[in-house]
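Trainee: Sequence:
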Amino acid sequence: MRPHEEATERAELDDAWASIVARRTRLGTDRRLAELTLEVVRARGNGPEHLEILRDVAKAWTADWALALAASELLIEQAGRRGMDEPPIRADTAATWAASALDDALGALSPSERGEPDVAGRLHASLANALRLCGPGRDEAARDAWNRALELDESRGSWWYDSGILHKWRGRFDDGLAASETALDRGAPRRPTLWNLAICATALGRGDAAVRAWNEIGIPASADPKSGMPFVDGLPPLLLRVLSRPSPVDGTTELAEGVGFELVWVAPLSPCHGVVQSPTFRDAPIDYGDLVLWDGAPVAEHGLTPGERVPVFPLLEILKRGDEWRWPFVSLEREPGALDALRETLPEGVRLFVQEERLEPHCGDCEAGVPHEHDASGDAEASGSSRGVLRRGKVIVAAGADLEALQARWEQGLGAQKLVAALPGLYEALQQTKRAGQEHQAWRGIERTALKRKERS
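Quick note on the numbering used here: the sequence shown kicks off at 1 and runs consecutively.
Heads up, a few of these hints could be off.
Cut-off 27 Å, straight-line C-alpha distance, at most; resulting in silico cross-link-like pairs (DSS-like, lysine-lysine) [unchecked claim]: (1) Lys418 with Lys452; (2) Lys226 with Lys320; (3) Lys434 with Lys454; (4) Lys454 with Lys418.
Hint data in this document are derived by calculation from the structure and do not stem from the laboratory.
Model the full assembly from the supplied sequences, consistent with the hints where possible.
Mentor: What follows is the structure in structure tokens.
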């Protein structure tokens with residue numbers, strides 16, 4: 001289509017939408033207008049501006065199962081743009097509107113329609129997807145809806161595929177694997193189904209099944225000879241996001257309230273699992289060194305540099321905890337660069353990371369599926385960015401490292417009187433109870449000093 005033709009079509013669709021909005025009160029009684037509305041919404045891309053009218057149509061036409069289903073599927077499409085790792089922040093969403101309309105439509109079916117796969121089966125399948133998108137609190141109802149749909153017709157590969165997605169996101173990886181295998185047998189699209197199969201197999205330690213799935217997709221995977229888990233050589237680092245809450249040891253951050261996503265770097269061992277390579281700084285379920293599983297569909301983008309954006313993947317499961325020590329610290333420089341200097345003196349097997357006060361919020365636009373971007377959280381090893389201010393971070397110590405040597409280097413660095421810092425975890429690990437208590441007191445003192453400086457500035 002030529003540019004002027006595209007512009008003409010867009011203008012005509014915009015005019016049609018304006019006309020529909022002006023006739024909104026008739027949507028519940030004029031079936032042809034309701035049908036036209038759904039056609040226009042599809043043609044205009046089913047955006048957030050269409051949500052309320054889609055809700056009106058779905059709610060008004062529950063006695064007409066075909067119309068209720070069509071409107072609900074558009075609501076589900078919008079709800080599906082929200083990442084599955086994002087907990088619902090309100091009860092009134094596109095997914096709940098669709099679920100309510102579909103449930104009412106099922107109740108309005110005739111006795112004969114309730115046994116028809118193309119009627120009741122489709123409604124139950126869409127209801128199951130809507131309930132999945134409502135969050136874990138509707139899991140039992142979602143499972144019941146899938147059971148009802150598959151009882152009516154177990155030959156539909158797309159239904160098995162979607163049921164596998166529900167199981168995957170609820171951590172029922174054995175059920176997810178079985179559903180994905182059945183979906184393949186029933187003719188579901190192979191590539192996305194094999195992705196889900198490989199993810200579930202990896203979660204279960206079924207490296208053989210995961211390797212076969214990756215190879216069929218065209219990804220050169222092999223089984224690690226030690227662990228039996230899938231391995232793909234040469235995969236680049238990636239970003240993973242994880243929900244976190246305010247840290248109980250952080251009394252000064254401006255981000256102390258609310259839930260948000262932290263971003264961590266991961267070294268992939270396969271397309272869906274790998275080892276976390278940067279620490280979390282708030283109260284998060286994962287940390288440096290953990291072996292984790294993620295979903296294959298990105299849920300966000302993160303800007304590394306101007307013009308450079310990389311995909312961000314959602315956490316699915318913790319496969320194995322890392323064996324490193326991971327201790328938070330707080331510091332206050334007396335001279336710029338003192339924290340950098342301390343870092344350079346730490347023994348082998350010890351890394352010092354500094355927290356960046358940035359966080360990807362869990363926001364209403366995410367919940368609504370509105371296209372937008374976040375400058376999400378990051379972290380970096382200590383660098384010249386420290387300028388005599390309060391700095392938080394973590395010291396990561398490899399398992400088996402000499403803690404007494406670390407203590408000597410740490411205290412030697414602080415003895416130069418250029419830096420005040422508290423690292424209670426080191427002394428707790430050394431079972432130096434009195435000194436650990438002093439470190440906790442020093443921590444609170446450093447925070448009070450920083451707050452006073454902030455009040456004066």
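Trainee: For every hint, state whether the structure bears it out.
Mentor: Outcome of the hint check:
{"no.": "1", "hint": "Lys418 with Lys452", "result": "holds, 19 Å"}
{"no.": "2", "hint": "Lys226 with Lys320", "result": "holds, 15 Å"}
{"no.": "3", "hint": "Lys434 with Lys454", "result": "violated, 31 Å"}
{"no.": "4", "hint": "Lys454 with Lys418", "result": "holds, 20 Å"}
Comparing the model with each numbered hint stated earlier shows that hint 3 is the single one that does not hold.
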